[in-house]
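Trainee: Line order of the protein sequences matches chains A, B, C and D. The first sequence begins at 1 in UniProt numbering and counts up by one. The second sequence begins at 1 in UniProt numbering and counts up by one. The third sequence begins at 1 in UniProt numbering and counts up by one. The fourth sequence begins at 1 in UniProt numbering and counts up by one.
Read the hints as simulated data drawn from the structure, not as lab findings. One should not assume that every hint holds.
Listed next, the in silico BS3-like pairs over lysine-lysine satisfying Cα-Cα at most 30 Å (straight line) [stated by the list, open to error]:
| no. | chain 1 | residue 1 | chain 2 | residue 2 |
| --- | --- | --- | --- | --- |
| 1 | C | K71 | A | K200 |
| 2 | B | K127 | C | K90 |
| 3 | D | K90 | C | K33 |
| 4 | D | K127 | D | K4 |
| 5 | D | K4 | A | K82 |
Covered by chain A, according to a simulated footprint, are these stretches of chain C (three or more residues, beta-carbon under 8 Å) [to be verified]:
| no. | segment |
| --- | --- |
| 6 | 181-193 |
| 7 | 196-209 |
| 8 | 264-276 |
Since this is a predicted model, take the numbers as computed values, not measurements. In this text, a Cβ means the ideal position worked out from N, Cα and C, and glycines have one as well.
There are 4 protein chains.
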Amino acid sequence: MERKVLIIDCADAPGLITKITGVCFAHGLNIIKNSEFVDNAQGRFFMRTELEGPAFANSLLTELQTVLPEKNQTRLVDAGKKRVVIMVTKEAHCLGDILIKSYSDALDIEIAAVIGNHQVLQPLVEKFDLPFHYISHEGLNRHEHEAMMLDVIANYRPDYILLAKFMRVLTPEFVSQYPSKIINIHHSFLPAFIGAAPYKQAWERGVKIIGATAHFVTNSLDEGPIIKQDVIPVDHSFSAEDLARCGRDVEKSVLSKALHLVVNEDVIVYGNKTVVF
Amino acid sequence: MERKVLIIDCADAPGLITKITGVCFAHGLNIIKNSEFVDNAQGRFFMRTELEGPAFANSLLTELQTVLPEKNQTRLVDAGKKRVVIMVTKEAHCLGDILIKSYSDALDIEIAAVIGNHQVLQPLVEKFDLPFHYISHEGLNRHEHEAMMLDVIANYRPDYILLAKFMRVLTPEFVSQYPSKIINIHHSFLPAFIGAAPYKQAWERGVKIIGATAHFVTNSLDEGPIIKQDVIPVDHSFSAEDLARCGRDVEKSVLSKALHLVVNEDVIVYGNKTVVF
Amino acid sequence: MERKVLIIDCADAPGLITKITGVCFAHGLNIIKNSEFVDNAQGRFFMRTELEGPAFANSLLTELQTVLPEKNQTRLVDAGKKRVVIMVTKEAHCLGDILIKSYSDALDIEIAAVIGNHQVLQPLVEKFDLPFHYISHEGLNRHEHEAMMLDVIANYRPDYILLAKFMRVLTPEFVSQYPSKIINIHHSFLPAFIGAAPYKQAWERGVKIIGATAHFVTNSLDEGPIIKQDVIPVDHSFSAEDLARCGRDVEKSVLSKALHLVVNEDVIVYGNKTVVF
Amino acid sequence: MERKVLIIDCADAPGLITKITGVCFAHGLNIIKNSEFVDNAQGRFFMRTELEGPAFANSLLTELQTVLPEKNQTRLVDAGKKRVVIMVTKEAHCLGDILIKSYSDALDIEIAAVIGNHQVLQPLVEKFDLPFHYISHEGLNRHEHEAMMLDVIANYRPDYILLAKFMRVLTPEFVSQYPSKIINIHHSFLPAFIGAAPYKQAWERGVKIIGATAHFVTNSLDEGPIIKQDVIPVDHSFSAEDLARCGRDVEKSVLSKALHLVVNEDVIVYGNKTVVF
Numbered sequence: 001m002e003r004k005v006l007i008i009d010c011a012d013a014p015g016l017i018t019k020i021t022g023v024c025f026a027h028g029l030n031i032i033k034n035s036e037f038v039d040n041a042q043g044r045f046f047m048r049t050e051l052e053g054p055a056f057a058n059s060l061l062t063e064l065q066t067v068l069p070e071k072n073q074t075r076l077v078d079a080g081k082k083r084v085v086i087m088v089t090k091e092a093h094c095l096g097d098i099l100i101k102s103y104s105d106a107l108d109i110e111i112a113a114v115i116g117n118h119q120v121l122q123p124l125v126e127k128f129d130l131p132f133h134y135i136s137h138e139g140l141n142r143h144e145h146e147a148m149m150l151d152v153i154a155n156y157r158p159d160y161i162l163l164a165k166f167m168r169v170l171t172p173e174f175v176s177q178y179p180s181k182i183i184n185i186h187h188s189f190l191p192a193f194i195g196a197a198p199y200k201q202a203w204e205r206g207v208k209i210i211g212a213t214a215h216f217v218t219n220s221l222d223e224g225p226i227i228k229q230d231v232i233p234v235d236h237s238f239s240a241e242d243l244a245r246c247g248r249d250v251e252k253s254v255l256s257k258a259l260h261l262v263v264n265e266d267v268i269v270y271g272n273k274t275v276v277f
Numbered sequence: 001m002e003r004k005v006l007i008i009d010c011a012d013a014p015g016l017i018t019k020i021t022g023v024c025f026a027h028g029l030n031i032i033k034n035s036e037f038v039d040n041a042q043g044r045f046f047m048r049t050e051l052e053g054p055a056f057a058n059s060l061l062t063e064l065q066t067v068l069p070e071k072n073q074t075r076l077v078d079a080g081k082k083r084v085v086i087m088v089t090k091e092a093h094c095l096g097d098i099l100i101k102s103y104s105d106a107l108d109i110e111i112a113a114v115i116g117n118h119q120v121l122q123p124l125v126e127k128f129d130l131p132f133h134y135i136s137h138e139g140l141n142r143h144e145h146e147a148m149m150l151d152v153i154a155n156y157r158p159d160y161i162l163l164a165k166f167m168r169v170l171t172p173e174f175v176s177q178y179p180s181k182i183i184n185i186h187h188s189f190l191p192a193f194i195g196a197a198p199y200k201q202a203w204e205r206g207v208k209i210i211g212a213t214a215h216f217v218t219n220s221l222d223e224g225p226i227i228k229q230d231v232i233p234v235d236h237s238f239s240a241e242d243l244a245r246c247g248r249d250v251e252k253s254v255l256s257k258a259l260h261l262v263v264n265e266d267v268i269v270y271g272n273k274t275v276v277f
Numbered sequence: 001m002e003r004k005v006l007i008i009d010c011a012d013a014p015g016l017i018t019k020i021t022g023v024c025f026a027h028g029l030n031i032i033k034n035s036e037f038v039d040n041a042q043g044r045f046f047m048r049t050e051l052e053g054p055a056f057a058n059s060l061l062t063e064l065q066t067v068l069p070e071k072n073q074t075r076l077v078d079a080g081k082k083r084v085v086i087m088v089t090k091e092a093h094c095l096g097d098i099l100i101k102s103y104s105d106a107l108d109i110e111i112a113a114v115i116g117n118h119q120v121l122q123p124l125v126e127k128f129d130l131p132f133h134y135i136s137h138e139g140l141n142r143h144e145h146e147a148m149m150l151d152v153i154a155n156y157r158p159d160y161i162l163l164a165k166f167m168r169v170l171t172p173e174f175v176s177q178y179p180s181k182i183i184n185i186h187h188s189f190l191p192a193f194i195g196a197a198p199y200k201q202a203w204e205r206g207v208k209i210i211g212a213t214a215h216f217v218t219n220s221l222d223e224g225p226i227i228k229q230d231v232i233p234v235d236h237s238f239s240a241e242d243l244a245r246c247g248r249d250v251e252k253s254v255l256s257k258a259l260h261l262v263v264n265e266d267v268i269v270y271g272n273k274t275v276v277f
Numbered sequence: 001m002e003r004k005v006l007i008i009d010c011a012d013a014p015g016l017i018t019k020i021t022g023v024c025f026a027h028g029l030n031i032i033k034n035s036e037f038v039d040n041a042q043g044r045f046f047m048r049t050e051l052e053g054p055a056f057a058n059s060l061l062t063e064l065q066t067v068l069p070e071k072n073q074t075r076l077v078d079a080g081k082k083r084v085v086i087m088v089t090k091e092a093h094c095l096g097d098i099l100i101k102s103y104s105d106a107l108d109i110e111i112a113a114v115i116g117n118h119q120v121l122q123p124l125v126e127k128f129d130l131p132f133h134y135i136s137h138e139g140l141n142r143h144e145h146e147a148m149m150l151d152v153i154a155n156y157r158p159d160y161i162l163l164a165k166f167m168r169v170l171t172p173e174f175v176s177q178y179p180s181k182i183i184n185i186h187h188s189f190l191p192a193f194i195g196a197a198p199y200k201q202a203w204e205r206g207v208k209i210i211g212a213t214a215h216f217v218t219n220s221l222d223e224g225p226i227i228k229q230d231v232i233p234v235d236h237s238f239s240a241e242d243l244a245r246c247g248r249d250v251e252k253s254v255l256s257k258a259l260h261l262v263v264n265e266d267v268i269v270y271g272n273k274t275v276v277f
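The task is simple: from the sequences and hints, build the whole structure.
Mentor: Shown next, in the form of structure tokens:
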């Protein structure tokens, strides 16, 4: 038995579920799990269906097109591990968590490589027998630096790029190469404390809760579609450093949960938002 | 346009979604929202569908029966307010919250009446111009007391009975009159601290989190299907009284959320569990 | 036995705890509970001490001054109920929660009166036999409207003013009459979504968590010292209205917890932050 | 400047704070941070004080004894890293998290060694250049197996022993060698689901929240003083395996937070409870 995930994003129309599941049923496919969502405000239909069957005929997608509205976005994705390239700077907590989870098969990913603009995390990556590419930005302009990284990334043909505390802003040119494929962890509860030193900002504001946000990267810094957020309570006795220390635990937890959702094909991006089934 | 909720609980079978939504589509009904769940371990299929259309023909349920496995449980429920009888003892927090929410239309319920085995909450209920029935258990055996309450309840033909800190155990005879219709708030994170004085038990055990559980009442005390649970962090500085005070906030919040889910037809009971869409 | 709370806020200095508790001990007072906090970054010392004794001599505060640094802020507050004036507009959820809690002695407050710039909540308030003052802003300029409200408030000599979804911005002139005495609930997780229609902003941003913030009111709108914050998880299926509905539960819970902390003398304001013991 | 933590646990008595801080002050020590708690129900006083000074005279503890009630438990602990021996079976998640945190100096510990009754985690431990002792229980009775482990542990003179998913019950003889020094993570929200297969129990009960509990090990299985607990929401769609997968994230987070508290000297054990400052 083979297993795949069908993802559909199209204009809403009467009878869509009947027609779509009808095509699957006619193909001898069993629905393991099915989720739909209709954004009534925008008249948009989203569906995620886990299918199982002896074989998936090529005609499945063609026949689905005959029942779907035009301009639909439909994909049929293999279950199984996704290839991920991780980009880092100096901080170990998010990278370390992903390494351990991948090592112990707790995430359905294959880490293709890690790219760092600093060298400090190389020993940690190599403990796990994974390639580490040190690509310093020193002496390079932004364009040159990104071109070097894009070259390395292209070789690995990743399904997703994970920014695990990569502390440089990517240009629209970089981002446009991997639309809805780059996942970032923002060390803040977006949209609060956008930009630099969010824990210092949080400390100065005297907030009683801090959080982290995992999102897809778009051209607007800190503004891409949010995948996952979480928070922890804090109090007056936390210094800015304490906030950062506790924040790191939330960051790694949120990033790793977001990655799990994405590689499990639970996330559909539309506009600047996500449907997370 | 009319709006109803279709609830189906049956053995799993291939093509169920296609067939069910096909019948609805043929009846000119639009699916506003659809949720399914398959319990693969037990081969059981659950579906909740919000339908909208100019009219709901009587033939809808008959035709659905032709496509559903035998022994299915299928119901079509009107959207709109549900009638609720509330049973209380002495504590005001859960009752008060429901009164305010009902008063300000924040819950889709009509409070038919409140029954108390003590009189202390009568003034609060009467502020809201609702009938309060004081039915003391003093001098009565359990059977006599319940018979009196059942008489009063029957007059109101409630959709649901809410035990808002009603501190007496109901007999199987009582419960069997309203299967999956009686909602209780248990002042504990079930299955921990079953039985009496849970906050004292929690304090003695030195737990760092306390919680509350809303569940349907079955014949086994504290053992019915769980609808909703929530918790709050506590610490060593909380006395048993502090635990109880903070616990009351969780209790009222959990009970009111559970009631919202139930009257919104989001909850399906099966065995000793619930599907909450 | 009498019970009071001693609050001290002063520059940090060696031996402060010894000296302060020494004075209390010499006065025959027993320390029931003691909390201190030193903000090392700013060299500031905060202390909250619950004292019990047969009598509190007038000389206690005088003698404390001999051991404290200059420019300290020291107060000795009676335990017991605080007088509160509540200001509202149209929404019942926060007001209703406070009314029920006060009615059932779950908050150490005496509600002196409720002021509304709309009349819609008058019947609810009068159910609890409390004075409701309808002071419309129609046909008045801001100064005139505030003057009328200040007159009414002054008559009640409140310890605190609670803005329970009072939807008008107060002028600096109003606020300056009650420094660190006006508590507001902001329907957002500050500093995110400052200003109007925060739930619509949250919906448009596609956030996965929403929250509420209780804070003291200062001259800067939405910018006063934060007392309490809390959040709930949300997802793509929530409309802006759903966000608002769930948000109301967080708002009322956060406001009522903040009020409990404030009337319990657990909160010290300093600069734009709070110490919450 | 030297820094130490003073921990005092004694019968409550008037003037204790004055006297204790007075002795510290007389020794030229500055109080960086101070926390006390009085368990009024049991008349017990607990204090944790971070002290800083040019030197800590030996006479400090002697002089403290002159002001403290008899049978007090007083200790003065160096700030700095604590030595930890970790015991494991087969699961990597808790061990992996501690390894990464220790590697990146996010926990104030030195991992002296890891002991496994299975060999599967040896490669992971050796990536971090740490000794792994494979001590199988096969063919040994419980006493022989524990004797072998105790021998290895004794060589490392650990401050604490961490059971990071060590799946064998320790005998009272073992536990009595390290009272209040062995920290366990229980894969459940104690006291619910004591014993084996808690996630299966949770699934069968249909709970809506699962949790984990870190506690000191005493002679009663699953019954020692609780240090830290946390929970996550779950729903009907979670299989027992899903519960276990999500539970592992909570387990590792709770264990690592508990370890941080313990090595930071924030935890005082008394009876079967903890004070966590």
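Trainee: Does each hint fit the structure? Answer for all of them.
Mentor: Status of the hints after comparison with the structure:
no.	hint	in the structure
1	C/K71 <-> A/K200	holds, 28 Å
2	B/K127 <-> C/K90	holds, 20 Å
3	D/K90 <-> C/K33	violated, 46 Å
4	D/K127 <-> D/K4	violated, 34 Å
5	D/K4 <-> A/K82	violated, 49 Å
6	181-193	holds (count 5)
7	196-209	holds (count 5)
8	264-276	holds (count 5)
Hints 3, 4 and 5 from the earlier list are contradicted by this structure; the remaining hints agree with it.
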